[in-house]
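Please take these sequences and the hints and turn them into a complete structure.
For the protein sequence lines, the chains are A and B, in the order given. Going by the working numbering, the first sequence opens with residue 1, and the numbers climb by one from there. Going by the working numbering, the second sequence opens with residue 1, and the numbers climb by one from there.
Everything labelled a hint here was simulated from the structure, so no lab data went into it. Where is the CB? At the ideal position from N, CA and C, for every residue including glycine. Be aware that a few hints might be false.
These stretches of chain A come out as covered by chain B in the derived footprint (C-beta under 8 Å, 3 or more residues) [to be verified]:
# : segment
1 : 98-107
2 : 223-235
Computed spacing ranges between beta-carbons, pair by pair [unchecked claim]:
#  : chain 1 : residue 1 : chain 2 : residue 2 : range
3  : A       : 257       : B       : 157       : 44 to 54 Å
4  : B       : 199       : A       : 173       : 30 to 40 Å
5  : B       : 12        : A       : 156       : 55 to 65 Å
6  : A       : 258       : B       : 199       : 34 to 44 Å
7  : B       : 99        : A       : 258       : 32 to 42 Å
8  : A       : 257       : B       : 146       : 52 to 62 Å
9  : A       : 115       : B       : 158       : 34 to 44 Å
10 : A       : 87        : B       : 16        : 32 to 42 Å
11 : A       : 258       : B       : 13        : 50 to 60 Å
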Amino acid sequence: MVLLIAPSFLPRFYIYFLAVIFVTALLAMSLNLCVGHGMLFQFHHGVFYGVGAYTAGLLLVKTSLPWWLAFIAGPLAAAFAGLLIGMFCIRLNRLYFGMLQISLGSLIWAIAFRWYALTGGDDGIHGIPMPDFISSTTGSYYFVLIVLGICLVLLYLILKSPFGSTLQAIRDNPERCAAVGINVRRHQLKAIVIATFFGGVAGVLFVVVEGSIFPDLLFWVLSLEIFIMCLLGGWFTFAGPILGAAIIVSLRTFIGIYTEYWTLILGVILILLIFFIPEGIMGYNYRQLFRSRTQYATESQTE
Amino acid sequence: MEGGPEITLAALSITFLVGLSRAMILFIVTSGLSFVLGVLRVPNIAHGSLYMIGAFAAHSIATLFGGGPAGFWLALILAPLVVALISLLAERSLFCHLYEREHLMLLLFTFALMLILGDLTKMVWGADYRSIMPPPALQGFISIFDSPFPKYNLFLLVIGPLVAIGLWLFSTKTKIGKIARAAAVDREMVGAIGINVSWVFAFAFVLGCMLAGLGGALVSPTIAVTIGMDHDIIIESFLIVTIGGLGNMWGAMAGSLIFGITQAFGVLFWPQFAIVFPYLAVVIVLTLKPTGMLKSVW
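What follows is the structure in structure tokens.
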């Protein structure tokens with residue numbers, strides 16, 4: 001498709017830009033597994049992104065392990081962190097869940113931020129060595145695209161599977177699920193681990209594209225930005241987050257050229273979103289298409 | 001006890017008192033957050049931004065009035081009012097329309113507000129560092145166990161409990177306070193007996209933000225006022241509210257004390273990782289009592 005042959009005619013900056021979109025899209029998709037399909041207030045998903053990135057980056061820089069090992073270690077570490085943090089948070093509901101996650105995530109951020117010797121503190125680490133075939137812009141682009149494609153397929157399969165349906169059922173009516181005999185908490189925990197795994201993959205891809213790591217990846221503001229992407233695109237839809245990520249990254253890059261007040265614009269966009277299209281763009285489209293079919297505002301769409 | 005940094009009785013006491021005064025600032029700011037959380041059931045992510053605006057406004061007001069003692073005291077009074085006005089504007093124009101919506105939307109609105117206020121602050125005041133001189137009465141040090149202790153911190157140690165007592169009296173003795181507390185527990189009932197719940201919310205929100213502004217104004221002589229203050233304080237306040245019990249003012253006090261004191265001792269014992277100590281304390285508290293130390297309002 002177009003994306004496959006894009007690098008042959010696009011200038012280098014745009015290839016890089018698309019790669020960034022892909023990474024962010026994967027990150028947003030992984031978050032949406034929790035938020036849109038699971039209704040878990042995963043407020044600090046950035047932690048897992050950062051853990052994945054840092055693990056891979058640190059292994060590549062500090063040790064001489066083969067690259068593919070580092071790449072696999074990233075998501076595994078992220079999933080492990082997800083398991084740990086998830087176990088803490090899963091005992092609580094909604095708001096408490098979110099706030100506890102922010103707390104624990106901030107702890108990890110604080111450690112990474114200060115442990116200069118290991119993580120480079122708030123400078124981060126730059127110039128992480130990459131194997132040759134992915135160190136060029138084009139190479140990294142294709143690598144990211146392929147990994148993104150695989151992950152999307154996996155995510156789709158997961159959501160379509162009985163596991164995914166159960167998760168959505170829990171989202172809509174947890175008491176009923178519990179009454180039917182589903183172990184709600186365990187199921188949610190599994191979803192969190194899966195989501196954080198993919199978040200870790202996105203983190204590794206970030207390292208591939210950028211070649212460096214910073215504590216910002218672990219900072220909570222980024223996590224909320226990802227949240228916004230899911231919302232913007234449509235958090236009850238499958239591909240919504242991809243759209244959201246693409247829009248936000250594009251806006252951030254291009255508006256950033258004209259003004260330094262991108263945060264302000266992001267805030268305004270968010271407000272418009274909240275007031276006018278809370279289901280996100282794709283959610284809104286679905287509603288338009290299926291308007292004749294249902295009477296009430298659509299909350300959950302089955303694809 | 002010896003070894004490592006100078007762990008004398010003097011050092012310990014000073015550290016403890018410094019932590020305590022920092023805790024007072026944290027408390028003043030967090031009590032506002034807690035109050036809003038209790039009544040509106042929404043954690044106001046923009047709370048930190050209002051704190052920051054309070055600090056910047058205090059600086060501007062103080063400079064406007066010559067920078068001397070008069071300027072300082074005026075700033076202390078006017079800055080929170082400025083912040084209250086801003087929050088009232090935000091609330092009445094946009095926020096109040098969201099009250100019937102899902103909580104998540106309210107939360108996201110406060111996030112959007114934080115983004116917007118953050119950049120607006122940058123636009124209005126610019127990115128450099130500022131600070132205020134406290135009035136001569138509060139400058140300088142007094143000596144505790146032969147070690148210097150800033151007089152301004154002593155001032156904070158007095159103000160903190162005053163605010164706490166004031167808030168407590170307000171919420172238990174005045175009619176508005178009691179209505180606000182009732183709305184926190186059961187807003188439909190409050191609406192059913194004829195009280196305009198929307199205005200109660202407006203009032204609670206403005207009061208909470210005013211406290212943030214007061215905290216900002218109070219902290220301005222002690223640290224460098226700059227953008228980015230909002231990020232720092234909001235995380236700390238969130239954590240304090242979480243460990244204290246959502247909406248619970250005494251919980252906010254307890255949480256602030258824990259946070260401030262662990263941070264101060266962290267600086268004493270392990271300066272590089274001082275920032276980790278309070279977070280660790282938070283994790284410990286939450287492991288033992290996931291819903292916070294004291295009962296949440298709802």
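Each hint, compared with the structure:
no., hint, result
1, 98-107, "holds (count 7)"
2, 223-235, "holds (count 4)"
3, A:257 - B:157: 44 to 54 Å, "holds, 49 Å"
4, B:199 - A:173: 30 to 40 Å, "holds, 35 Å"
5, B:12 - A:156: 55 to 65 Å, "holds, 59 Å"
6, A:258 - B:199: 34 to 44 Å, "holds, 41 Å"
7, B:99 - A:258: 32 to 42 Å, "holds, 36 Å"
8, A:257 - B:146: 52 to 62 Å, "holds, 59 Å"
9, A:115 - B:158: 34 to 44 Å, "holds, 38 Å"
10, A:87 - B:16: 32 to 42 Å, "holds, 35 Å"
11, A:258 - B:13: 50 to 60 Å, "holds, 54 Å"
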